[in-house]
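*Asks:* Protein chains in written order, with our numbering: chain A, 1 to 267; chain B, 268 to 629.
These are computed hints drawn from the structure, not numbers from a lab. Values in this document were obtained by computation on a predicted structure and should not be read as measured data. Please note that a few of the clues may not be correct.
[As the list claims (entries may be wrong)] Taking lysine-lysine pairs in the BS3-like style, the calculated list, with each CA pair at most 27 Å apart, reads:
no.: 1; chain 1: B; residue 1: Lys436; chain 2: A; residue 2: Lys186
no.: 2; chain 1: B; residue 1: Lys373; chain 2: A; residue 2: Lys160
no.: 3; chain 1: B; residue 1: Lys334; chain 2: A; residue 2: Lys91
no.: 4; chain 1: B; residue 1: Lys401; chain 2: B; residue 2: Lys436
no.: 5; chain 1: B; residue 1: Lys343; chain 2: A; residue 2: Lys160
no.: 6; chain 1: B; residue 1: Lys436; chain 2: A; residue 2: Lys160
no.: 7; chain 1: B; residue 1: Lys372; chain 2: A; residue 2: Lys186
[What the hints assert, rightly or not] Okay, the calculated beta carbon distance ranges per label pair:
no.: 8; chain 1: A; residue 1: Tyr156; chain 2: B; residue 2: Gly582; range: 45 to 55 Å
no.: 9; chain 1: A; residue 1: Val74; chain 2: B; residue 2: Glu450; range: 50 to 60 Å
no.: 10; chain 1: B; residue 1: Asn285; chain 2: A; residue 2: Tyr156; range: 18 to 28 Å
no.: 11; chain 1: A; residue 1: Ile249; chain 2: B; residue 2: Phe282; range: 43 to 53 Å
no.: 12; chain 1: A; residue 1: Asp159; chain 2: B; residue 2: Asn612; range: 47 to 57 Å
We put the CB at the ideal spot given by N, CA and C, even for glycine.
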Amino acid sequence: MDRFLSIFFQLSLILILAFIALPILVVFAASVSPTATITFDPSQWTLRWFAALTASRWLDPFLLSLKLAAVVTVLSGLLGLLAAYVVAYRKCPGHEAIMALLVSPLAVPQIVKGVAIVLFLSSAGFYALLGTPGLIMAHIVLTLPFVVRMIAGAMYNFDKRLDQAARILGATSFQRIRFILLPIIKPGLFSGMTFAFILSFNNIPLSVFLVRPGETTLPITVINHMEYSLDPVLAAVNVASLAFILAAILLFERIGGFSAQIHGGSK
Amino acid sequence: MNSNDIEMVSVTKTFGSNLVVNNIDLAIPTGEFVSILGPSGCGKTTTLNMIAGFAQPSSGEIRIRGKSQRGVPPEKRGIGMVFQNYALFPHMTIAENVGFGLKMKKRPAGETRDAVQNALRRVHLDGFENRYPKELSGGQQQRTALARAIAPEPSLLLLDEPLSNLDLKLREAMRVELKDIQEQLAMTFVYVTHDQDEAMAMSDRIVVMQDGVIAQTGRPAEIYEHPRSSFVADFIGKSNLLPISDIRQIENDWFVSLGTKGLTLSVFIPDGMSGHDARYCCIRPEAVRLAVTDEGIPPLPNRLEGTLSRIVNLGAYFDCFITLKDGTVLKSLVRSTRLPGLAVNQAVFLSIDPDAVQLLSR
Ligand SMILES: Nc1ncnc2c1ncn2[C@@H]1O[C@H](COP(=O)(O)OP(=O)(O)OP(=O)(O)O)[C@@H](O)[C@H]1O
Ligand SMILES: [Mg+2]
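One chain only, chain A, in its complex shape (with noise of 0.2 Å):
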């Protein structure tokens, strides 16, 4: 009986990672096929889609989405920090309700949001705020429920009896965010942070409102070519995307040592 679970359970695992994994592979098998045509033999592969990816018109939307993202991912780390050390870890009165404002967002749809921040913007007469500054707000605006509840949780999970044992060592306020809830809540809001950088940097609904000619980040730019043309250089952009998220999510793994609180660990 057991030897029938454990293959089950092996087999389920298999299904669910091709399942993840497929539609990777012939996105990836796409971008180096020589035509619009898939093709799964390698001796035809070619990498000149990514070749093309180097130029202004796909580097540039890339750079604008990248700095984007890290703007975002900063600030909305910060905030995020700032919110719920006030109400996750002071309580301060009325935590419970302000939690639940903090994260309401959420259930609210993007293309509503990206509506409701351009109406805003453009009826209190601030034009200029329509480009980039315009995209950082509103990425604001989605990303922070998201690092608030992470970072809160850690907040939540904080042992307060090592903020009092810091406190009788003669640690003063200050020290005791520095050198005792920073350190250990650092997973809640790298993985905050993390997911922050995702949605900023893949962000359509919000975006698509708020760019301007000469000012699109790389997925709006991706929508806008597939309008005249599906050729692979879009699977190409697609698998680099994918890469350097990848990559980032491993840096932010890195410094923040998230997996070690996803897998129940601290250190």
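Fit chain B with the ligands to the given chain A structure using the hints.
*Replies:* Positioned in the frame of chain A, the structure of chain B with the ligands alone reads:
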């Protein structure tokens, strides 16, 4: 040298309508090992938290080294604390944990290193510097918590059931270590426990708490030999605690009747007590002398006969339960080498020195 490290003056603590610490007065002299002993929920941790500054008294005052602590946060009180659950910093090595207090005080790195080494050596954990807390056994974590608290050498250390999670052997070893540390560093220890053996073994003084009030304060022997209430007698050590139904004086001798069936004992009334106040009598099991023959017991006034109804073998001792003729059950502690052949249902003879019968007014 006669100064007090801690003074609690009419300290009361309420949580909502729940009176948890009720008007406590307590002075703890410098360099003393004081245990706060009491059953679960009697307010021990709350008392410690008020001394540490994690909780504020609802009324009354706490003074440390003569200074009122009102408005002084824990980090400024200059005391150490060992938490019941260790509360080690999981992201720091053992050395970093132990050195944390000195680092916060911005001591030179060299001095910190020496102090860490010293503290770890005291708790026999040298060589564990670079491990993380989760890589240690419970007992080792416990000792790390202790090392962390003593490394900055606070003159005053609060310990909240610091040995409660250790096995018996390790606990006994740690008791000796703790006592050594306290004496060598001339520290004041306030030691919370609900384990009376622990309190008896280590303390200069024991404070017995009951429902938020201090039931009795005194040296361990004093509390054991002269409990002031049936609660203390019952809580500290084993005892035969019997309600008194009648007490009367015949010339210079006093006699108490226990129960309703005519068990009578000759007793002494201690100075400062009126015999008519006695409500309970307490007889320690080791004061109940047991013999298998009539001649085995001294010709004292309180001679009783009964049947051995149960024997619990404690190794060096037998814990004997004797059912007397009137049905009362008395406990007697017998050295196992003295009467090796004891058997259940055997007829036995008991004698109790009138001196050993403690009279309690409540
Ligand atoms: N923050 C709090 N709010 C409300 N009631 C509390 C609080 N802290 C403690 N109490 C109550 O105060 C009483 C004493 O608690 P305390 O923790 O001091 O007991 P203790 O003597 O340390 O017990 P134990 O041996 O179980 O640790 C308990 O009845 C507890 O329920
Ligand atoms: Mg307690």
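*Asks:* Against this structure, judge whether each hint is valid.
*Replies:* Hints, verified against the model:
With a C-alpha separation of about 39 Å, the suggested pair lysine 436 (chain B) and lysine 186 (chain A) falls outside the 27 Å cut-off, and the hint is violated. For the hint pairing lysine 373 (chain B) with lysine 160 (chain A), the CA-to-CA distance comes to about 24 Å; that is within 27 Å, so the pair holds. For the hint pairing lysine 334 (chain B) with lysine 91 (chain A), the CA-to-CA distance comes to about 32 Å; that exceeds 27 Å, so the pair is violated. A distance of roughly 22 Å separates the Cα atoms of lysine 401 (chain B) and lysine 436 (chain B); the hinted pair therefore holds under the 27 Å criterion.
Annotation: proposed proximity of lysine 343 (chain B) to lysine 160 (chain A) holds, straight-line Cα distance about 19 Å (limit 27 Å). For the hint linking lysine 436 (chain B) to lysine 160 (chain A), the alpha-carbon distance of about 31 Å lies beyond 27 Å, and the restraint is violated. For the proposed pair lysine 372 (chain B) and lysine 186 (chain A), the alpha carbon gap of about 24 Å is at most 27 Å, so the pair holds. Take tyrosine 156 (chain A) and glycine 582 (chain B): their Cβ atoms lie about 49 Å apart, and the range 45 to 55 Å holds.
Between valine 74 (chain A) and glutamate 450 (chain B), the C-beta spacing of about 54 Å keeps the proposed range 50 to 60 Å intact. For asparagine 285 (chain B) and tyrosine 156 (chain A), the Cβ-Cβ distance of about 26 Å falls inside the hinted range of 18 to 28 Å, so the restraint holds. About 47 Å separates the C-beta atoms of isoleucine 249 (chain A) and phenylalanine 282 (chain B), a value consistent with the hinted range of 43 to 53 Å. Under the hint 47 to 57 Å, the C-beta atoms of aspartate 159 (chain A) and asparagine 612 (chain B), about 56 Å apart, fit the expected range.
Checked against the numbered hints above, the structure violates hints 1, 3 and 6; every other hint is satisfied.
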